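> So the chains spell out like this:
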Amino acid sequence: MSVGRSAGPHPAGAPVARVRNLTVAFGDNTVVSDVSFDVEPGRCLALVGESGSGKSVTARSLLGLAGAGASVHADELGIAGSSVLGLSERAWRRRRGRDVGLVLQDALVSLDPLRPVGREVADSLRLHTPLGAAARQARVRELLAAVGLPDAGQRMRQRSGELSGGQRQRALIAAAIALDPPLLIADEPTTALDVTVQAQVLELLESLKKAGTGILLISHDLAVVSRVADDIAVMSAGRIVETGPTAQLLSAPTHPITRRMLAAIPAGVPRGATLALPHPVRSPLADARNGSRGRDGAMIPTTATDSRAGASEEARAEARWDARQRASEVVLEARGLSKEFRRPDGTRQLAVDNVSFALHRGTTLGIVGESGSGKTTTARLVLALTTPDAGEVRLLGQPFTGIPEGERRTLRPAIGAVYQDALGSFDPRFTVREILHDAVTGGRPRSPASAAAPARVAELVDAVALPQTLLERRPLALSGGQRQRVSIARALAARPDVLVCDEPVSALDVTVQAQVLDLLDELQRELGLSLLFISHDLGVVQHMSDTVAVMQNGCIVETGDAASVFEAPAHPYTRQLLNAVPLLPAGPARPA
Amino acid sequence: MRTRTSSTPAIVGSPARRDRVRRVLRHPVLVHSAGGVFVLWAVATLTFFAVRLIPGDPAQAVLGGPGSQASPEALAAVRAEYGFDQPLFVQYLRELGRLATGDLGRSYALNMDVAPLLLAQLGGTLTLALLSLAVAWLLALALATWSTQGGRAARAFGSGLEITAAALPHFWLATALIIVFSTGLGLLPPISVPGPVGLILPVLTLAVPLAGFLGQIMRESFEAALESPFVLSARARGEGELGIRFVHVLRHAALPAVNLSGWAFGSLISGAVVVETIFARPGLGRTLLNAVTVRDVPVVIGVVLIVALAYIVMTLATDLAGAALDPRGKRA
Amino acid sequence: MSELEVQATLSRGERERRRGRGRVTPFELLAVVVALFLLVAGLMPGLLAPGDPLGIDPNAAFGPPSAAHWFGTDESGRDIWTRVVHGAGTSLLIGFAATAIGLGLGLVLGTVAGMLGPVVDFSVNRLLEVLFAFPGLLLALLFILIFGPGVWTATVAVGLSAAPGYARIIRGQLIAVRRSAFVEAATVLGRTPRQLLVRHILPNTLAPLFVLGTLGVGQAIVWASALSYLGLGAQPPAAEWGAMLSAGRTYLTTAWWMSFFPGLVIVLTAVAATVLGRAIERRARYA
Amino acid sequence: MRQRASTLLIALAAVSALGLTGCSTASAPAGASGTPVAGGTLTYASGDAEPTCLDPHVGGNYPQALIATQYLESLVSRDDKGAIIPWLATKWTTSPDGLTWDFTLRDGVTFTDGTPFDAAAVQANIAHVQDPNTGSSTGYLALQKITSTEAVSPQVVRLHLSAPDSALLESLSQVWVAMESPTALKRTQDENCASPVGTGPFMVKKWVKQDAVTLVRNDDYTQGPADSAHTGAAYLERIVWKFIPDSASRYAALQSGQVDVIDNAQPDTIVQAEKSDQIRHLDAPRPGASNRIELNAGKAPFNDVKVREAFIRSANVDAGVTSLFFDTTKRSTSVLSSAEPLAVSRPDLFGYDPDQANALLDAAGWTKRDAAGYRTKNGTRLTVVFPVSTNQSIPAEQSLFEQIQATAKQTGFDVKLTPMDLSSWYAALGENAYDAVSAPYTKVGPDVLRILYHSDGITPAPSGYFANHAQVNDKQLDTLLTQAAETSDADARADLYTKAQNRLLEGFYVLPLYDQQNHYLYRDAVKGLRALPTVSTPTFYDAWLAD
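Protein chains in written order, with the working numbering: chain A, 1 to 592; chain B, 1001 to 1332; chain C, 2001 to 2287; chain D, 3001 to 3547.
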């Protein structure tokens, strides 16, 4: 590979990054304390932690970009063999891009959306080398080709919005390695990418590593880092709590945080098994930082479990919900659904092409596919938010599409929905209580029937294990996991038979994701819910589903029993997806 | 000639050509032009009927108002000449016909054709408005660039300056500028004299409040852009603060302000009425104000139409500029 | 949620909190003081200035600011402080009435466009485009040409010229809200169109109008004063700020205070309206 | 050649006249300091509305007169004593019955388009003013009595009148009946309006509407009116005549030297200018009527002389005039301008006396007062509707009205001041929807009284315009005014006008305020500027720039 390390300015074998007792504070708020690590050339160190654990701030301190008002202290802070402590902003600028490159997540926003990609990649060359415009262009072309972007010449004239997610991420990496820096910091480089693309990006990082670049990889997902990291450092509340070689740390985690993160990885975990472990440390640091926002981590203490048990008992009393014996009944059925969209340029695109499936009571049907495969359109068709061009949806044996909305409304309570963007699905003026009250009373908050509503709201809040103290908050002031819980509580308000979950956890950290998945699982068991579970994440779908449908380009290419699909995929596309799923090297020691 | 079968390339190509035609038809310039013609027609129609509501006899107005002692014969002659004796609808059609050929009619008060009169005034007002727009842009940008670089105090100061500037009435500002720069310091002429020196105070008067408005909008997007990940990416590449601002943030900050420039142009025309009066600058605004006070209907219609036309062109220009800055296309 | 997003959200939240919720900035304090002053002046001018705003005293004409006449006197010896205070009612009334007219009209047009389907939307949009082609003051001048000059014509004219802007914002907001995820979510919950409209769409569309209105009052006062300045609005000897300023400009070289103080209160009022509007908006958004 | 001797004589006469009247405030010291320098461009800024037509025959208002004075000349002029002096006519005779006038024209004068100035030209001009299609109002009224014209010889023109007209020479001295080239008059009115051709010291070069008129020197010009300071062409090469309606801007422009001369100077700036040595002041009150409020005697409440007197007695004008005009003008108690030698002042009638006003109102039956303190009679409030033309009344005057409103309120008058544009104002007058009004009227000589207060002036023209706003309908006054207009004997005429004025003033039809203001400010470098004592328009013939 032409992007490999050439002879760097630093002594061979010396660490490209050396950090000793790094402490970063914003005013009185210390977010990183006493962090020490080395990144060796040709090796990859992964900093893993939950949101707010301080890993990003740590990484940015290595670029002198910890942020306005940050006070950074360290016994040693060296990049490419020389200390960067106390560098002036001017001196920092000379080193950024040259000695250290940064790759952020989601290149759609991490590349300037208004500039051609080629210019972005050429920036470092422009800033740090005397190369002329033509020479820069040639180098950019080389770089783009090296990171595996086809048609480099054409791509460099396009803007990030015109590229696919994978292409963007490659371009971003190309920009970071333009000057061949000895150290590359990759902050969540694969989050929000489809699995196959994720695999490709990881592969690219791998090849850079092989070429001699030292990589500091930041992620919340142990499964992802396990693919490229040689060493892993687990961070929590601003400290490194455990560190070690990848294989060792994954197979024999010692710190509870590490174990919790490992347990949260859904891939390969059997259906029904709990993913989330209780949070071992209530971090005063993190609490202080999050202020009044509250945290998911603090959400599953025993008291919550107690109330959850109480709630489910009451729920069980509901006869309508007790549907175990009717497991074979089809509650939701799609027959030959098709939907075509017109693109802005006037051409047509078949988003959903002749999709059929059946959801049985009390079971989960997982729909998996990459972005653009038609999953979300399918969900909207099922929820009758979009009219199908062909085919129909039947709910509880009755037609749900092809009838006027007024008629459909009587059926709506039987189907609920949980969305990826929970925040957007709430009326911003409503508090949590108002949201649930509205859902419980059917939009008539002052109707006579609403007398029982407060009790029901309390019951729902308990069912999703939300503290009652959050009821008066607005969703904006909640964390992602809490929002998703509110969203689930709302969906349950009308006691639905079917819950459509469209990417319910893809915006969440792995550990929070684990909690939400556990919750859904539990609710399904207790309430006999039928779930239509849509996700791009095979691991999640595998963990949650009884039946699976794999979608590609609007079609279901393979469907069947979850176990058989995942163990013996028939369709090449399914196999391709499965291969791309980041798995832990060996089955880690799961806590019982 | 042999009939071509459906498989011949020419026919296969025809949907593509249709697509091309469709694309051309949807070309922003064409769509805007069609819309522009509609707007002009509507503006003309609206104004035509609106001015019929103006109290007073138009024939009297032609003859110099009620003070002119016009004879009944003269009034009748004028009514016939101008078609005031015709049914309203006929007058309307005639008017449209005239306007379509670029004939804006004849000023009642100034004894000359409206089109050449306004054409002569148009340049001055356009120069004033466009220069003011440019200066407002520069001021707003400079302030945003400078004040977002400093701390909270600088930001608050910048923001306060913008809000205050936006609240300044043109006529007050003009007065203050005259007192300071002409009467006080004797640096600049208090009235518009030919040449660039005479433009400074009028342009400042129009530009400062507008800069306040644009600045508020720019600051918001400036600050948002400064916090966006792509700026972090650029910093990580070693980009300096000026580079960050001029290479990356500026474009983003400019976008909403560019989109507002059509509106801004309209408000500048409004401001020109006041500014041209105070600085004794020939132009559409002053002509309009005079025409309104003496009820010179053809001039009023003419100014309205020309301003509408300028506004349409300006909107088109800002849309195109916006599209050039942000090729992502408009999100609905 | 990724580290980065949390960071971004937190820092923004933090920033907003620092700037807005907890603390009142000096600007906001000033704005509140100005607003309180205007309120008292508008409702009970006698409290602040017991004199007669129209009471003349030719012998005291053109008096500079002094202990007896804080803002000086005008050409007829009237006390400018008294006139400024008594003018607050008129100016505020003009500002509020014009904004109410503009908002009301904008609301009707915007709602009609946003609610009644694409054909109506298209038509209203074209109408708005046409109205936009009349720059504000031009529309006002045309209106005054028809109905003659005066306070009320000027008020209506200013309101009219503001209406298309409001209509466009309201329509955009309405459409954004209608297409928003939470309205879809409510549809999935089985809400009727009426419920959607009453419980979600209208409240979320109208809430920003309050802020918009606050900002608008300041601008309306400025524009109405411009009309008065051109001799097309309030007429002397009425104690209206724009008219006072206009009268004062004649004596600029001998009595600067005649035009300075009315101008100052116009600017202060508009600034206060903007600052308050933004403060309310921020608190509403991050409450 | 024959002409030369008489020209010389006239010039000499003018110089001696100047010597006699050198201390007059109305005329600036022409050529007083230094030797005149030829050349240069002078910029004049007018606060008046831009004329719609540069030919003062058309319509005929003051803004036209201001500019036309620079390029048109009249048959006769007036010196600052009010005596008629030769201009384009060197001498004139009248028949004993006063119905025939012979004017001998100056020899060798040509219009700037080359057309010779002769008897035919005068005939053409009078015909033009009298042609209804011209749309002349001021000039038309001035020449009303001329029935026909006759060219006795190329140098002598004879005018036939319908009745004796003692004001004929005064009328002919006005620029609204000045002489224009007959060749040019044959063009369309639009063309003639854009560039009228006269015999004056300057010519219209270019007119950019809404901006400026450019005048250039007429190099072939030989002599001005008999009271001019020099002969031959003007000194200035060019005059740029700008229109700057905003008074503050206008004064600022003068201060900073962008313009050399401004008109319509505000009283406060005049005071300021008089203190400065950079700016000079030329005060030239207009002839004709004074500025006054006319009370509509044609309807209630002012059809009662007691109410009229009560209003006049309750208006405190003196204090206002003093403070608003900064002593640049004096309170007038005459219907006529102080520039008119025959003006009669009656300070005794116009003193501020609220007690007497109250007594008069009580006597007139306006005995009750309503809640607001206004007097009522039979439930009707004592209301005075007072439309104010913002185009005609300067700000200081409007302020004075406000003060009158405030003082009259104490007596119980509810004065409703309604500022309006000219068009609405005319309409209000036409509908008789006014009780009080102030309208300027400029005309040389006391004959203005006939136009303003003869009962013929009550009948509106088809357009609704009428000059007798006070709606004075007094047969005795009519007779006095008609007689005065036909009497050529100076003493008898003076007596008649005195009687007429006293009758008018004692009837309390008008509340005189002050002279019609005509203040010019100019840079010190402008020398030799003076106002023509006809209608007080400035003439730049003798002017030159010292820098």
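Do not take every clue at face value.
Unchecked claim - Quick list of the computed label-pair ranges, beta carbon to beta carbon: (1) B/E1081 to D/R3238: 35 to 43 Å; (2) C/R2283 to A/S564: 50 to 58 Å; (3) B/L1309 to D/T3188: 44 to 52 Å.
Stated by the list, open to error - Covered by chain C, according to a simulated footprint, are these stretches of chain D (three or more residues, beta-carbon under 8 Å): (4) 3269-3283; (5) 3292-3305; (6) 3395-3404.
What the hints assert, rightly or not - Here are some, though not all, of the chain A residues that point toward chain B, as calculated from beta-carbon distances under 8 Å: (7) R94; (8) G97; (9) R98; (10) L104; (11) S110; (12) L111; (13) D112; (14) D123; (15) S124; (16) V581; (17) L583.
If you are wondering where the hints come from, they were derived from the structure by calculation, not from laboratory data.
These numbers were taken from a predicted model, which means no experiment stands behind them.
Idealized CB from N, CA, C, for every residue including glycine.
> Hints first: check each against the structure and report whether it holds.
Structure-based check of each hint:
no., hint, in the structure
1, B/E1081 to D/R3238: 35 to 43 Å, "38 Å, holds"
2, C/R2283 to A/S564: 50 to 58 Å, "56 Å, holds"
3, B/L1309 to D/T3188: 44 to 52 Å, "31 Å, violated"
4, 3269-3283, "holds (count 3)"
5, 3292-3305, "violated (count 0)"
6, 3395-3404, "holds (count 6)"
7, R94, "7 Å, holds"
8, G97, "4 Å, holds"
9, R98, "7 Å, holds"
10, L104, "5 Å, holds"
11, S110, "4 Å, holds"
12, L111, "6 Å, holds"
13, D112, "4 Å, holds"
14, D123, "5 Å, holds"
15, S124, "5 Å, holds"
16, V581, "27 Å, violated"
17, L583, "29 Å, violated"
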